[in-house]
Structure formats: C-alpha cells, structure tokens
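Let the hints inform the model, and build the full structure from the sequences given.
Quick note on numbering: the sequence shown equals residues 46 to 173 in the working numbering.
Just the calculated beta-carbon pair ranges, DEER-fashion:
1) Asp-139 with Ser-74: 23 to 29 Å
2) Val-164 with Ala-140: 15 to 21 Å
3) Arg-150 with Cys-72: 35 to 41 Å
Below, in silico cross-link-like pairs of lysine-lysine (DSS-like), each with a Cα-Cα straight-line distance of 27 Å or less:
4) Lys-91 with Lys-116
5) Lys-126 with Lys-81
6) Lys-144 with Lys-132
Calculated directly from the structure, the hints in this document are not laboratory data. Here a beta-carbon is modelled for each residue, glycine too, at the ideal position from N, C-alpha and C.
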Amino acid sequence: AEASGAALALRVPLSDAELSLKVLNKCLSSAQTREKALKIIQYSSKLLAYVLVRAVGDSANWGKHFDALAKQLSGARRCFKLCRWWKHFEDIADARAEKDAGFQRLLYADVVCNVVADVSEDITSLEK
Numbered sequence: 046a047e048a049s050g051a052a053l054a055l056r057v058p059l060s061d062a063e064l065s066l067k068v069l070n071k072c073l074s075s076a077q078t079r080e081k082a083l084k085i086i087q088y089s090s091k092l093l094a095y096v097l098v099r100a101v102g103d104s105a106n107w108g109k110h111f112d113a114l115a116k117q118l119s120g121a122r123r124c125f126k127l128c129r130w131w132k133h134f135e136d137i138a139d140a141r142a143e144k145d146a147g148f149q150r151l152l153y154a155d156v157v158c159n160v161v162a163d164v165s166e167d168i169t170s171l172e173k
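Put into structure tokens, the structure is as follows:
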C-alpha cells in the first residue's frame, strides 16, 4: 500500500517536497482547506456571473444562477467557520506556562480577544 502511495506522489515545483495521496487526504480533511476551496469556487462563480451578465448579455439567465450559487457557497463557508473560537483555549496552556508575568498577561489578553472576535463572527454569521 505504501508503494502505491509513493507512485502517486507529485514533486512540488522548486522544492524537494512531494505531494503524496496521504498528504493530499490530510489537507482535504482540514475544514480550513475545504473552506478555502469553497471560497475559490464562490468567487469564480461571482466572476462568471458578472461576465455572463455584463459582457455577454446572458439571455438564458445563467448569470443569475451563478450569482445564486455564489450566495449559497457563502452560507456554506460560514458553516465551516462556526465554533472556531474553541481552538483558542489551547493557547491558555502556553500563557499559563509563560514565566514573565507581563508577557503572560498579554498572552491571556490575546486569547480573550481571539475568542471574542470569533464568537462575534459566529453571531454575525447566524444572524445572516
């Protein structure tokens, strides 16, 4: 099984890194990777809608379909971003381990600010 994974590996241009099936699967299992892929599709859809409506004239209303697709993808992307604030609680251990009291307070403040920002983003997303 390992040999077949190595056979499917691609060498990343200008580096010694290889992009194997295992690495690709790991990347695709990441919510952030999927969210960024949806973002690319969303903005491509918006661009295609713009081109169809403005440049071509779009008598078949394809532009409206691609614009609606972009809006649906925007909602799907918001779902990937929900509850991201949980990850900041892992940073509390780093702040607790810091010896310098001043820097420790800054790290705690950073955690609080990040949690507040991500919770605010969740609330805004749920309101839409």
